[in-house]
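Engineer: Next come the chains, spelled out residue by residue.
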Amino acid sequence: MTSMNKSDMQHVIAKRVAQELEGPCVVNLGIGIPTLVAEYMDAADIYLHTENGLLGVTDVEADQIDPNLVNAGKLPVGEAIGASYFNSSDSFAMIRGGHVDVAILGALQVEQTGVIANWAVPGKNIMGVGGAMDLLVGAKKVFVTMSHTSKDGSSKILKECTYPITSTRSVDMIFTELAVFKVVDHQLKLVELMPGATIEEVREKTEAEFTE
Amino acid sequence: MSKITDSIEEALSHVESGNTVLVGGFGLVGAPLSLIEGLTEKDVKDLTIVSNNLGESGKGLGILLNQNKIKKGIGSYFTSNRDVGDKYQKGEIELELLPQGTLAESMRAGGAGLGGYYTTTGVGTDLAKGKEEREIDGVTYIFEKAIRADVALIRAHKADTLGNLVYYKTARNFNPLMATAAKKVIVEVDEIVQPGELNPEEIVTPFLYVDVIIKAQQILTNEGVVNR
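Protein chains in written order, with our numbering: chain G, 3 to 214; chain A, 27 to 254.
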């Protein structure tokens with residue numbers, strides 16, 4: 003695992019999450035690793051929702067870029083066949099109302115109950131939350147993608163979050179470069195080791211309790 | 027009386043110091059760039075700005091921020107402009123952070139004549155502090171107050187001379203909601219057409235919401251913001 007650079011690691015995680023998606027479904031992708039998941043989805047009946055007002059997001063050729071057609075990360079995107087545009091309150095009604103099947107989000111920390119923190123860091127000004135809280139309460143399933151540890155090597159999968167939580171709702175699955183966890187009855191269950199990872203390494207780098 | 031003007035100054039004559047102003051856009055996409063620039067040239071202060079972001083550093087609403095014309099910002103993602111944090115740290119601006127869906131729904135409610143609504147978003151988090159909790163059918167909700175404003179500055183694609191509006195791709199975002207939630211609604215558009223030229227089935231904002239129409243003088247392109 004040590005030889006993998008950050009970009010490779012992100013792609014490995016994104017590719018693995020993509021395998022978890024089964025059409026037909028509507029998926030909302032967050033910023034960062036989640037955005038990369040689109041590169042690995044092969045089913046034609048997986049539709050992408052972006053909270054700034056488009057259902058049916060695709061990638062876009064460089065010569066087709068439209069400055070008024072972007073995703074929630076403000077990156078240029080394209081319009082799929084069957085796409086629709088809507089305003090921000092309709093977009094979040096879809097999310098809060100439970101009409102989006104899967105949200106794939108990044109996280110700063112996950113605790114062993116499956117609760118996550120992904121919007122604020124203590125000691126810094128709290129400046130942005132975006133759609134994270136809405137997606138957590140509303141999406142039918144929430145998948146989290148993140149590096150297993152922080153830059154200093156400390157575990158991001160903790161007994162308890164030390165950063166402000168995003169919701170009291172537990173996520174459904176967690177994907178890192180080392181492992182895949184499912185959250186069952188507010189407890190973490192290790193369901194898969196990623197290629198090259200060992201159970202010893204996962205135990206060493208995971209503060210939270212989990213079952214195997 | 028005609029709703030159409032070609033003077034930004036005249037269009038912004040409704041904005042006064044101390045007003046609450048809704049400003050459309052998701053970043054620069056769908057932001058009323060000409061009206062925002064007009065506001066930077068107008069002598070106003072103590073504005074409460076409701077917008078998803080406060081522009082970017084030195085761009086859009088970011089200029090207004092640096093001119094110290096904004097007393098309070100209400101939005102969901104101020105992170106896009108690092109100057110907001112600096113101002114906040116110095117105590118030069120008040121901020122109210124709302125989840126993006128709550129920001130949108132509060133304006134929808136305000137425009138629809140509601141006082142507020144209960145939502146699950148934010149329950150149990152720092153953003154729920156001080157908000158009323160209520161259990162409905164076994165689920166915990168928090169109360170969010172509706173947002174209404176003095177003025178809305180919005181961006182649409184086309185208007186007819188009555189004020190019916192259609193939008194363009196993801197530049198729609200908060201604009202149709204803001205059109206409903208302010209006493210005076212000022213819209214900038216790419217094109218002004220005659221009544222009957224817009225398909226009634228495609229009109230998103232019916233004319234009764236709109237007070238002033240002006241043609242956009244600043245356009246967002248792939249090369250950035252340019253003058254028309």
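One thing to keep in mind: the hints can contain errors.
Said to hold, decoys possible - Per the computed footprint, the stretches of chain A lying under chain G, defined by three or more beta-carbons under 8 Å from a beta-carbon of chain G, are:
1. 29-42
2. 109-119
3. 199-207
4. 218-224
Calculated directly from the structure, the hints in this document are not laboratory data.
Idealized CB from N, CA, C, for every residue including glycine.
Engineer: The structure should be examined with respect to each hint, and the outcome stated for every one.
Structural biologist: How the hints compare with the structure:
1. 29-42: Coverage by chain G is violated for the region 29-42 of chain A (0 residues, Cβ < 8 Å).
2. 109-119: holds (count 4)
3. 199-207: holds (count 5)
4. 218-224: It is violated: at least three residues are needed, and the region 218-224 of chain A offers just 0 whose Cβ sits closer than 8 Å to chain G.
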